[in-house]
Amino acid sequence: MGHSYALTGNPNSGKTTIFNELTGSAQYVGNWSGVTVEKKEGFIKNSKINVVDLPGIYSMSSSSIDEVIALEYITEENPDGILNVVSASNLERNLYLTLQLMEMKVPVLMILNMMDELSRKNIKLDVDRLKEIFDIQIILTGQNDRKNLSRIKEIDLKGLKSNFARFSYFSKEIQDGIREIASHISLQTLTQYKADPQWLALKIMEGDNKIIEACCAKDAAIIEKAKAIRLIIEKSEGVEFSQLLAAQRYSYLGEIAGQVLIDADGNMDRESVSEKIDKIMTHRILAIPIFLGIMWTIYYITITGLGSKSIEVMEWLISDLFTGAVKALMVTMDVSTWLQSLVIDGVIGGVGAVLVFIPQIMILFFFISILEDSGYMARIAFVMDRIFKKFGLSGKSVIPMLVGSGCSVPGIMATRTLENERDRKLTILLTPFISCGAKMPVYLLFVSAFFAANSHWVVFSLYLLGIVTAMVSGVVLTKVRYKGVESDFILEMPPYRVPALKSVLLHMWDKGKDFLIRAGTIIFAASVIMWFAQSFDLSFQMVQDPSTSVLADFGRLVAPVFAPLGFGDWITSVAFITGFVAKEIVISTLSVLHGVSQGALGSSLTEFYTPLSAYSFMVFVLLASPCFAAISVMKRELGSWKETGFSILYQTGTAYLLSMAVYQIGSLFIK
Amino acid sequence: MTIIDLKPGQCGEIYEMTLDSKIKHKLMEMGMTPGTSVQFVRTAPLGDPINIKVRGFNLGIRRDVAMNITLK
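Protein sequence lines, in the order shown, are assigned to chains A and B.
Numbering-wise, the first sequence is residues 1 to 671 according to the working numbering.
Numbering-wise, the second sequence is residues 1 to 72 according to the working numbering.
One thing to keep in mind: the hints can contain errors.
[As the list claims (entries may be wrong)] EDC-like, lysine to aspartate or glutamate: derived pairs with alpha carbons at most 20 Å apart:
no.	chain 1	residue 1	chain 2	residue 2
1	B	22	A	206
2	A	483	A	421
3	A	105	A	67
4	B	22	A	421
5	A	172	A	206
6	A	390	B	64
7	B	53	A	275
8	B	7	B	64
9	A	225	A	180
10	B	7	A	275
11	B	53	A	240
12	B	22	A	419
13	A	235	B	16
14	A	390	A	372
15	B	22	A	180
16	A	479	A	514
17	A	390	A	421
18	A	279	B	48
19	A	390	B	48
20	B	22	A	237
21	B	22	A	486
22	A	235	B	20
23	B	22	A	492
24	B	22	A	66
25	B	22	A	240
26	B	53	A	486
27	A	39	A	66
28	B	7	A	271
29	B	53	A	492
30	B	22	A	263
31	A	483	B	20
Honestly, the hints are just simulated from the structure, not real lab data.
The shape of chain B in the complex, shown without the other chains (with noise of 0.2 Å):
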C-alpha cells in the first residue's frame, strides 16, 4: 500500500520510499522518515499533485512520488 490508496483524510505510517537519493534526502530532511504518520489531504484540481500533511504541516508533492512511499 502507498500513499495513493489512502483516502482523503486517511492516515497512514511512512515504511519505506524508493526514490531518487536526492528527493528522499529532501523529503527526510523535511520530516518524511519511517514510521512517521502521513495524512492524504487531498488531490490538486487537475490530479496532480497530491497535498499530504506530516508532522502538522501541509505538503505537495507529486503522484508518482507518493506511489513509491509504501506505508505500513
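The shape of chain A in the complex, shown without the other chains (with noise of 0.2 Å):
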C-alpha cells in the first residue's frame, strides 16, 4: 500500500518492542529533520507499510525535546496514521496521549499492549466501549501474545475519521475560546500548514510557541486574540491555562477508566508482583548492596568472566587464523614487501587490534539494555537520586552514565530523559569520564602487562576514578557554571518486566555494528595512514626505523606537553592524539607503531613504561575528551560549539591535570 505510519505511546508502554516485532531486522536509522537526532523506521515485515518509530512521550505539548519531536513529526511530514500503543495495565495516563491524538483529528489505530499484564492483576476491559468511545479500532496485544499484530497490514488507516467528541471534555469557556479562534485563522494559514483549524486554535491559545512560530507567528491579530481569551479563563479559574487542560482533560478519562475497567474482585489497588519485587529491590538496607552487587557481576563477566575468554577466541581468529592466511596468500602472489608490511602491519595490525574487543562491547550493552528493559534501570535511579543530589545533580543522571559505560554516544543521547534543561547539559559534560567499553580495552592491554596480580582491582580503580570524577566536577561546576538552579527527580517507575529477548539481541547487535562498522571506516583509515606515516620520513623516503619517519617528528613535537605525565616518547603522543578519533585507536597506534601484533603488544610495553607511567597513561585515556562520535553527539545535544568546546577543554584539562598528579605524586614514593 505505500503508507507510512507513525509511532507513538508512553515511555515504557513497550513500544519498542512493538517496533521491533513489527519490522524485525528490516529498521535503519536516520536522522530527524532539523535535529540531527538519530530517528529508527523499518517496513512491517511482508509489506510496504513504513514506521517510523517516534520518542516515548506522555503528552503532546512542547515541553521537552523529545515531544517536539514527536509534534514536529506529525504536523509537518503529516504521516498517514498514527499507531498509537496504550498499555493497558496503565490506562489513564496512557490514554492522556491518545486524547491528545484524537484532538489533532489525525487517524489514529490503537495497539492495546500489556493486555496480559492486566489479566494477571485480575482485572477486565471493555474493549468494545472503548472502541466506541474513541470510534477507532484497537488491536489487542501482549507480551507473550503478538499474533494480533500481524492486522496491522490489513488495516488502511489513510484519511480514516473518527467521530470522537473531542473537546467535550473542556469547559464551555474553553470549547467557546477554540470555536472563536479556530474561525479567525486565515485560510492562507490553513494551506500552508496542514492542520486541523480547531486543534490549532487550541495550540495557539496554549500559547505553544513551537507551532504559533511555524503556522501563523506573522498573524499577530490572532495571537493578541487567543492569549486574550487564555488570560480570561485563567483569571476565571486561578489556574493556568495547559494545568487546566490537563485537569479537564484527566477528569474525563477518569470517567472513561470507570467505564471500560471492571475489577474482578473488587480490589484495584492490591499490591502486583513488581510492587513485591519492589520491597526488596528498593529495600532501606538491601536497596544499595543489590545494586553494587549487580553491577559487580555484569562487570566481572563482561571483562574478566565471558568477555576474556571471547577476547581469547578472537585473538586467535585474527593474529593466528586470518593473518596466517593472509601472509601466506600474499607469499605465493608474490606481492611486494611493502604492501605486505601494509597489510599485515597497518591493516591488520591496526583493525584487528580493535575488532578483537568487539564481542566483550556486546557483552556489556547486552546486560545494559536488560537493565534498561527489565525496569531496574528507573530503581538505580530512584536509590541513587539522593547522591545525585548532593552533586547537584539528578538520579536520573545514573541511566545515561550507565549506558555510557558501553558507549558515550548513546549515552549522552539518554539524557534526553532529563527534562530539566540544567541537569541534561550538567550530565552530557560528564557522562565521558565514566568510563566507555572502547576505553576498557585500552586498560585490558595496560594491565596485563603491568598489573597482572591485582588486574581486577587496576581496572575497578579506574571505574571508580571516573565515577569520582565525574561526581566532583558535577560539584565544581555547579558552583561555577551552573549556579542557582536545582536539579529535579521526576521518575516513573515501570513494572519489572522480563525483557524480550528479541529486542535485547537486536540492541546488542545494533551496538556491535556500530563499532565493527567504526573499526571498517575510521579505524581503517587511521590505520593506513598511520602506516605511511610512520613508513616514511619528510622526503617521501621508505624509512627501515619507524623513529626517522614523518610520524615520529611530529611525535617529538609534541612529547614534551606528555613529559610531566611520565611519558615523553613520541609513541604516546602519537597515541593520545589519535585517540581523540576513537578510544580503540590507542590500542592499533601502540600496535602500528610498536610493529608488533596485539598478542605480542603487552610485553613490547614494558620496556616504554614504568608501572607507574602505564597507571597515569591510563587515567589520561580515561579522562581526555571523548572521540570524535561522541564529540559530534555533545554538540548536537548541547547545541552550540560554546558549549561543546568547554566540555572538551574541562575534560581534557582534567585528565592532564589528574595524570600529572599521579605521576609526580607517585613518583615520590616509588623510585
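Fit chain to chain and form the complex, with the hints in mind.
In C-alpha cells, the structure reads:
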C-alpha cells in the first residue's frame, strides 16, 4: 500500500518491543529533519508500510525535546496514520496521549498492549466500549501474544475519520474559545500549515510557541486574540491554562476508566508482583548492596569472565588464523614487501587490535539493555538520586551514565529524558568521564602487561576514578557554571518485566554493528594513514626504522607536553592524539608503531613504561576528551559549539592535571 | 497536610500543588490533577526521593516537591 505510519506511545508502554516485532531486522536509523537526532524506521514485515518510531512521550505539548520531535513529525511530515501503543495496565495516563492525538484529528489505530499484565491483575477491560468512545479500531496484544499485530497490515488508516467527541470534556469557555479562534484562522495559514483548525486554535490559545512560530508567527491579531481569551479563562479559574486542560482531560479519562475497567475481585489497588519485588529492590538496607552486587557481576562477567574468553577466541581468529592465511596468500602471490607490511602491520594490525574487543562490548550492551528493559534502571535512579542530588545532579543522570559505560554516544543521547535543561547539560558534560567500552581494551592491555596480579582492582580503581571525577566535577560546575538552579527528579517506575530477548539481542547487535562499522571505516583509514606516516620520512623516502619517520618527527614535537605525565616518547604522544579519533585506536596505534601484533604488544610495552607511567597513561585515556563520535553527539545535544568546546577543554584539562598528579606524586613514593 | 505526612500505604486526595509551573505542568500531565488519589508507597533507602502511586502507576518524586503538594 506504500503507506507511512508514525508509532507513538508513553515511555514503558512496550512501544520499542512492538516496533521490533513489527519490523524485525528490517529497520534503519536516520536523522530527524531539523534536529539531527537518531530516528528509527522500518517496514512492517511483508508489506510496504513504513513505520517511524517516535520517541516515547507522556504528552503532546512542547515541553521536552522528545515531545517537540513527535509533535513536529506529525504536523509537518503528515504521516498517513498514527499507531498509538497504549499500555492497558496503565490506562488513564496512556490514554492522555491518545486523547491529544484524537484532538489533532489524525487517523489513529490503537495498539492496546500489556493485556496479559492487566489480566494478571485480575482486571477486565471492556474493549468494545473503548472502541465506541474513541470510534477507532483497536488491536489487542500482550507480552506473550503478538499474533494480532499482523492485522495492522490489513487496516488502511489513510483518510480514516473518527466521530470522537473531541473537546467535549473541556469547559464551555474553552470550547467557545476554540471555536472563536478557529473561525479567525486565515485560509492562507490553513493551506500552508496543514492542520486541523480547531486543534490549531487550541494550540495557539495554549501559547505553544513552537506551533505558533510554524503556523502563524506573522498573524499578530490572532495571537493577541487567543492570548486575551486565555487570560480571561486563567483569571476566572485561577489556574494556568495548560494545567486547566490537563485537569479537564484527566477528569474525563477518569470517567472512561470507570466505564471500561471492570475489577473482577473489587480490589484495584492490590499489591502486584512488581510491587513485591520492589519491596526488596528498593529496601531501606538491601537496596544499595543489591545494586552494587548487580553492577559488580555485570562488569565481572564482561571484563574477566565471558569477556576475556571472547578476547582469546578473537585473538586466535585474527592473529593466528586470519593473519597467517593472508601472509601465506601474499607470499604465494609474490606481493612486494612494502604492501605486505601495509596489509599485515597497518591494516590487520590496526583494525584487528580493535576487532578483538567487539564481542566484549556487545556483552556489556547485552546487560545494559536488560537493565533498561527490565525496569531496574529506574530503581537505580530512584535509589541513587539522594547521592546524585548532593553532587548537583538528578538520579535520572544514572541512566545516561550507565549506558555511557557501554558507549558515550547513546549515553549522551539518553540525557533527553532529563527535562531540566541544567541537569541535562551537566550530565552530557560528565557522561564521558564514565569509562566507555572502547577504553576498556586499553586498560586490559596495560593491566595484563603491568598489573597482572591485581588486574581486577586496577581496572576497578579506574572506573571508580571516572565516577569520582564526574561527581566532583558536578559539584564544581554547579558552583561555577550552573549556579542557582536546582536539579529535578520526577521518574516513573514501570512494572518489572521480563525483557524480550529479541529486543535485547537487536540492541546488542546494533551497538556491535556501530563498533564494527567504525573498525571498517574510521579505524581502517587511521591505520593506513598511520602506517604511511610511520613508513616514510619528510622527503617521502621509505624508512627502515619508524623512529626516523614523519610521524616520529611530529610525535617528538608534541612529546614535551606529555613529559610531566611520565612519558616523553613520541609513540605515546601519537597514541594520545589518535585517541581523539576513537579510543580503541590508541591500541591500534601502539600496535602499528611498535610493529607487533596485538598478542605481543603487552610485553613490548614493558620496555617503554613503568607501572606508574602505565597507570598515568590509563588515567589520561580515561578522562581526556571523548572520541569524535561522542564530540559530535555532544554538539548536537548541547546545540552550541561554545558549550561543546568548554566540555572538551574541561575534560582534557582534568585528564592532564590528574595524570600529572598521579605521576608526580607517585614518583615521590616509587623510585 | 501534605504527601510527606502520609504513612507508607496511606492514601490522600490532592488538593493543591504550590510548585514551579514547569514541574507542576509535568506532574499534571502525568495525572496528578487536583482530586486525584495518591498513595505514599515508601521512602528511598537514603531518605529521598519518595515513591508514590497515582492512577495505578508508581512515581518517584523528591521530598521538597512532595512537601508542596497539599492533600484534602
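Evaluation of the provided hints:
{"no.": "1", "hint": "B/22 to A/206", "result": "holds (14 Å)"}
{"no.": "2", "hint": "A/483 to A/421", "result": "holds (13 Å)"}
{"no.": "3", "hint": "A/105 to A/67", "result": "holds (18 Å)"}
{"no.": "4", "hint": "B/22 to A/421", "result": "holds (12 Å)"}
{"no.": "5", "hint": "A/172 to A/206", "result": "holds (16 Å)"}
{"no.": "6", "hint": "A/390 to B/64", "result": "holds (14 Å)"}
{"no.": "7", "hint": "B/53 to A/275", "result": "holds (11 Å)"}
{"no.": "8", "hint": "B/7 to B/64", "result": "holds (17 Å)"}
{"no.": "9", "hint": "A/225 to A/180", "result": "holds (9 Å)"}
{"no.": "10", "hint": "B/7 to A/275", "result": "holds (17 Å)"}
{"no.": "11", "hint": "B/53 to A/240", "result": "violated (25 Å)"}
{"no.": "12", "hint": "B/22 to A/419", "result": "holds (9 Å)"}
{"no.": "13", "hint": "A/235 to B/16", "result": "holds (17 Å)"}
{"no.": "14", "hint": "A/390 to A/372", "result": "violated (24 Å)"}
{"no.": "15", "hint": "B/22 to A/180", "result": "violated (28 Å)"}
{"no.": "16", "hint": "A/479 to A/514", "result": "violated (37 Å)"}
{"no.": "17", "hint": "A/390 to A/421", "result": "holds (18 Å)"}
{"no.": "18", "hint": "A/279 to B/48", "result": "holds (16 Å)"}
{"no.": "19", "hint": "A/390 to B/48", "result": "holds (11 Å)"}
{"no.": "20", "hint": "B/22 to A/237", "result": "holds (19 Å)"}
{"no.": "21", "hint": "B/22 to A/486", "result": "holds (13 Å)"}
{"no.": "22", "hint": "A/235 to B/20", "result": "holds (18 Å)"}
{"no.": "23", "hint": "B/22 to A/492", "result": "holds (17 Å)"}
{"no.": "24", "hint": "B/22 to A/66", "result": "holds (16 Å)"}
{"no.": "25", "hint": "B/22 to A/240", "result": "holds (11 Å)"}
{"no.": "26", "hint": "B/53 to A/486", "result": "violated (24 Å)"}
{"no.": "27", "hint": "A/39 to A/66", "result": "holds (11 Å)"}
{"no.": "28", "hint": "B/7 to A/271", "result": "holds (16 Å)"}
{"no.": "29", "hint": "B/53 to A/492", "result": "holds (10 Å)"}
{"no.": "30", "hint": "B/22 to A/263", "result": "violated (35 Å)"}
{"no.": "31", "hint": "A/483 to B/20", "result": "holds (18 Å)"}
Going down the numbered hints, you'll see the structure goes against 11, 14, 15, 16, 26, 30, while the others check out.
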